[in-house]
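From first to last, the protein sequence lines stand for chains A and B. Note that UniProt numbering has the first sequence beginning at 1, numbered continuously upward. Note that UniProt numbering has the second sequence beginning at 1, numbered continuously upward.
It should be emphasised that the hints constitute simulated quantities derived from the structure, not laboratory data. Don't take each hint at face value.
To be verified - Straight-line alpha carbon distances no greater than 30 angstroms define the calculated BS3-like cross-link-like pairs of lysine-lysine that follow:
| no. | chain 1 | residue 1 | chain 2 | residue 2 |
| --- | --- | --- | --- | --- |
| 1 | B | K333 | A | K59 |
| 2 | B | K200 | B | K484 |
| 3 | B | K109 | A | K221 |
| 4 | B | K56 | B | K392 |
| 5 | A | K134 | B | K109 |
| 6 | B | K109 | B | K342 |
| 7 | B | K442 | B | K342 |
| 8 | A | K59 | B | K405 |
| 9 | B | K71 | A | K59 |
| 10 | A | K59 | B | K306 |
| 11 | B | K239 | B | K512 |
As the list claims (entries may be wrong) - Reference excerpt, derived from the structure (chain A facing chain B, CB under 8 angstroms, subset only):
| no. | residue |
| --- | --- |
| 12 | K69 |
| 13 | S233 |
| 14 | I234 |
Don't be surprised by glycine CBs; every beta carbon is placed ideally from N, CA and C.
Listed here are the chains, written in short residue letters.
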Amino acid sequence: MQSSSWGRSAFQLFNYVFLIAMSILCILPLVHILAISFSSSAAVSAGDVTFWPVDFTFKSYSFILDNPKFLTSVGITLERVVIGTIINLFLAVLTAYPLSKEVSAFRHRTWFAWLFVFTILFNGGLIPWYMTIKMTGLIDTIWALVLPGAVAVFHIILLLNFFRALPKELEEAAFVDGAGHWTTLWRIMVPLSMPAIATILLFTLVQHWNSWFDGMILMNKPAHYPLATYLQSIIIKLDFENLRQEDIYLLGLISDRTSKAAQIFLGTLPILLAYPFLQKHFMKGIVLGSVKG
Amino acid sequence: MKTGKLTLAIVIMLSMVLTACGNNDKPQEPSKESGGNAGSAAVSDPNPEPFGKYEKTVEVHAAVASEPNWKFPEGDSFENNAWTRGYEQELGIKVVYDWTTNEGSYFNKMNVAITSGDLPDVFVVNGAQLRLLAEADQLADLTEVYEKYAAPFTKELIEGDGGLGLKAASHGGKLVGLPKSGSTIYELPMVWLRTDWMKKLNLQEPKTMQDVLAIAEAFKNGDPDGNGKPDTFGLPITKDLYGGMASLTGFANSYHAYPQMWVKDKDGKAVYGSTQPEMKATLQQLADMYKKGLIDPEFGVKDAEKVTDDFVNSKFGLTFGANWNPLNFIDLKTKNPDSDWKAVPIVSSDDQTALGSIGFPATQFTVVRKGFEHPEAVVKMLNFYQEKRYGKTKDESVYNPNDAKGNQTHVYTSALVKSDKANEMTISDLKNLAEAVTKQDKSILTDYIPEYEKMIKFKDGDLSGWASTRQGGPEDSGFSILIKAYDSSSYVANLFGGQTETMSAKWSTLDKLEKETFTKIILGYSDISAFDEFVEKWNALGGKKITEEVNRDLSAQQE
Numbered sequence: 001m002q003s004s005s006w007g008r009s010a011f012q013l014f015n016y017v018f019l020i021a022m023s024i025l026c027i028l029p030l031v032h033i034l035a036i037s038f039s040s041s042a043a044v045s046a047g048d049v050t051f052w053p054v055d056f057t058f059k060s061y062s063f064i065l066d067n068p069k070f071l072t073s074v075g076i077t078l079e080r081v082v083i084g085t086i087i088n089l090f091l092a093v094l095t096a097y098p099l100s101k102e103v104s105a106f107r108h109r110t111w112f113a114w115l116f117v118f119t120i121l122f123n124g125g126l127i128p129w130y131m132t133i134k135m136t137g138l139i140d141t142i143w144a145l146v147l148p149g150a151v152a153v154f155h156i157i158l159l160l161n162f163f164r165a166l167p168k169e170l171e172e173a174a175f176v177d178g179a180g181h182w183t184t185l186w187r188i189m190v191p192l193s194m195p196a197i198a199t200i201l202l203f204t205l206v207q208h209w210n211s212w213f214d215g216m217i218l219m220n221k222p223a224h225y226p227l228a229t230y231l232q233s234i235i236i237k238l239d240f241e242n243l244r245q246e247d248i249y250l251l252g253l254i255s256d257r258t259s260k261a262a263q264i265f266l267g268t269l270p271i272l273l274a275y276p277f278l279q280k281h282f283m284k285g286i287v288l289g290s291v292k293g
Numbered sequence: 001m002k003t004g005k006l007t008l009a010i011v012i013m014l015s016m017v018l019t020a021c022g023n024n025d026k027p028q029e030p031s032k033e034s035g036g037n038a039g040s041a042a043v044s045d046p047n048p049e050p051f052g053k054y055e056k057t058v059e060v061h062a063a064v065a066s067e068p069n070w071k072f073p074e075g076d077s078f079e080n081n082a083w084t085r086g087y088e089q090e091l092g093i094k095v096v097y098d099w100t101t102n103e104g105s106y107f108n109k110m111n112v113a114i115t116s117g118d119l120p121d122v123f124v125v126n127g128a129q130l131r132l133l134a135e136a137d138q139l140a141d142l143t144e145v146y147e148k149y150a151a152p153f154t155k156e157l158i159e160g161d162g163g164l165g166l167k168a169a170s171h172g173g174k175l176v177g178l179p180k181s182g183s184t185i186y187e188l189p190m191v192w193l194r195t196d197w198m199k200k201l202n203l204q205e206p207k208t209m210q211d212v213l214a215i216a217e218a219f220k221n222g223d224p225d226g227n228g229k230p231d232t233f234g235l236p237i238t239k240d241l242y243g244g245m246a247s248l249t250g251f252a253n254s255y256h257a258y259p260q261m262w263v264k265d266k267d268g269k270a271v272y273g274s275t276q277p278e279m280k281a282t283l284q285q286l287a288d289m290y291k292k293g294l295i296d297p298e299f300g301v302k303d304a305e306k307v308t309d310d311f312v313n314s315k316f317g318l319t320f321g322a323n324w325n326p327l328n329f330i331d332l333k334t335k336n337p338d339s340d341w342k343a344v345p346i347v348s349s350d351d352q353t354a355l356g357s358i359g360f361p362a363t364q365f366t367v368v369r370k371g372f373e374h375p376e377a378v379v380k381m382l383n384f385y386q387e388k389r390y391g392k393t394k395d396e397s398v399y400n401p402n403d404a405k406g407n408q409t410h411v412y413t414s415a416l417v418k419s420d421k422a423n424e425m426t427i428s429d430l431k432n433l434a435e436a437v438t439k440q441d442k443s444i445l446t447d448y449i450p451e452y453e454k455m456i457k458f459k460d461g462d463l464s465g466w467a468s469t470r471q472g473g474p475e476d477s478g479f480s481i482l483i484k485a486y487d488s489s490s491y492v493a494n495l496f497g498g499q500t501e502t503m504s505a506k507w508s509t510l511d512k513l514e515k516e517t518f519t520k521i522i523l524g525y526s527d528i529s530a531f532d533e534f535v536e537k538w539n540a541l542g543g544k545k546i547t548e549e550v551n552r553d554l555s556a557q558q559e
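One chain only, chain A, in its complex shape:
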């Protein structure tokens, strides 16, 4: 008895130490960035800053708040996240519902399901992607960031599996009471699937917040860049080879690290805040007790 409880507490101890160490590993880089953003730039390039600010200053933050480009890009990202997430979720629910039906109810279900899966496995590549967006006239508009990824097949699969796991009796009960597909979907299925929808919501949110490549390729003016693209373009790695007299201005960009750190931190903040609120949905029990007897 004693040895097993000793083993258990050893395991628990190890577990805690391990998990705490892992979380510290994840948090420290962010703390470092935060410390840099509150330090003077001389202290930063001297490497004096680790996890606590040196020569505490708000200079970087006041500089950013005066910087219209940062604020515009935040605005564009917010627009993109809101529009993109709504469209994504709406389309995912609408697509997942029929695909979750049995073949007896929806005869070509398998064929359609494979049609969607096909797009995960194969895609046209960069150039056709670009040309499609170009020729549909979306280039340089907010819709170029939102529409190309609007049907997220992975999310659809998640959701359709969740729909299938719901007790069939619920649906049958709804039909008996005279509900059509539309009512069943929105009044029964969707409210019951909140945990899955929250998961998808979080995925979509993070994905829209973080993606920078499409912004770079599809937006023609830096003024139309979403936040991630804007950050990517200022946090460039300098190529010191072949630096010419005309490129000397690039050198000025290096000692700019404190303001970069501040912008990175502000850029991560909203998504950090969103996480804990959505997290709890993952854990929630799913359909406990909905059908009795």
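Dock chain B against the given chain A, drawing on the hints supplied.
The following block gives chain B in isolation, referenced to the frame of chain A:
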């Protein structure tokens, strides 16, 4: 009357062509070309105006790189500034930027645009893209419009490199782009020494490479920062090995090795400098230095930015780098006002003079889409740029203005078609700068006004002008070394700046192989004999073929 004049012109042109042909054994390439082309040009339009304004405004769709943190005067932007207004008001050209992005992403995005056939009218490409587009016949032939519309001053600037830039911008005998030339002498490597450490350890200015090595050793072992800890190193290197900061280039030059560039061997053939025996001697020396602990063992993971931090932390007092290195030492000066640096020329390991290596004049080109109706607009914009930036009517307050706080803005980098001064002119500007600073007379200046003002500030005791003074002051500065090296021709220029067909496929592999092998040799993971294996591998993996192609292209340009 008019026909008479025309006939006369043709006769004169023809006679010029004939004279040029008669002198064919002499390399009289430019005059022969200009004779021939001006002849055909004169037939179609006897009176082209380099600065002529279009009666009806011409709209030019363009793409060029710009950085998001460029600053402009109040109300201006990259799309609307002194240049775009100047183009429109004085030339009747309305520039519409189809797209722009930062330099780091620009050529990737250009690749997408090229592959999807979505080209603007005027845009900037690199050597590989120029070759690709020219082979696919997507570019307008600028030979004639350049001859006709380029102002004499433009030609002087563009051809100031001996016509190398124009050759690189030509394909199959046609000029398909305007080179974005620059002063390559600016890349010349030099030795930077921390003078407060030199004084402390009683060291003399180096005369030979042996002196340099002795200084490196003294900086490692003599505790130059006086903190009682052996935390300094002799020689900084970055993980990229080459470049303008903590570079091996200047070190190798001291051993007459010219890594990363094409040089002539003793038979007059072009060879790649990194594979020559002199490079082996250089690496042997570096490996010995590493064994003695003179080189930071972590150099393999440090980029230029990290190494800059080490300078600020007083880890190094000796480095091979470009003239602008002091600009990266500003934080050191702020943190430690006693620290100071000076530049000395690279020194030789034997009795022959050491020559610093410099690059090829043009690596980027402004091109025009084939089928665009006004290819001459691009030449006019180039005329305009060079006239307003460097010519008689230059006006810094308009085309290189400061913002309300007195800081330089980025208007000067925002012109669509740019090409800057070649070495000759830059050196004369630098001489004028030095004289102006010595005499405190601004009227002598021909350029470098912001640098001048900072240096005058430093003379009055303002530390913010320190870096500019070390870079550009009359003595012991980066610029003073450039002037000396140029006047005594102590430099070797890269022979070849274009792309060959095998290069596009193989170059990145070869470059990686080179840097990996050299890093391993320096770190002692590989014996020096690994160099010979590297040369063999390099040749086998495409280097041999590339060398042949480079020689073929070079001899084609000679004809």
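Quick rundown of the hints versus the structure:
no.: 1; hint: B/K333 x A/K59; in the structure: holds, 21 angstroms
no.: 2; hint: B/K200 x B/K484; in the structure: holds, 28 angstroms
no.: 3; hint: B/K109 x A/K221; in the structure: holds, 13 angstroms
no.: 4; hint: B/K56 x B/K392; in the structure: holds, 27 angstroms
no.: 5; hint: A/K134 x B/K109; in the structure: holds, 14 angstroms
no.: 6; hint: B/K109 x B/K342; in the structure: violated, 41 angstroms
no.: 7; hint: B/K442 x B/K342; in the structure: holds, 24 angstroms
no.: 8; hint: A/K59 x B/K405; in the structure: holds, 17 angstroms
no.: 9; hint: B/K71 x A/K59; in the structure: holds, 18 angstroms
no.: 10; hint: A/K59 x B/K306; in the structure: holds, 23 angstroms
no.: 11; hint: B/K239 x B/K512; in the structure: holds, 12 angstroms
no.: 12; hint: K69; in the structure: holds, 6 angstroms
no.: 13; hint: S233; in the structure: holds, 4 angstroms
no.: 14; hint: I234; in the structure: holds, 6 angstroms
Comparing the model with each earlier hint shows a violation of hint 6 alone; every other hint is respected.
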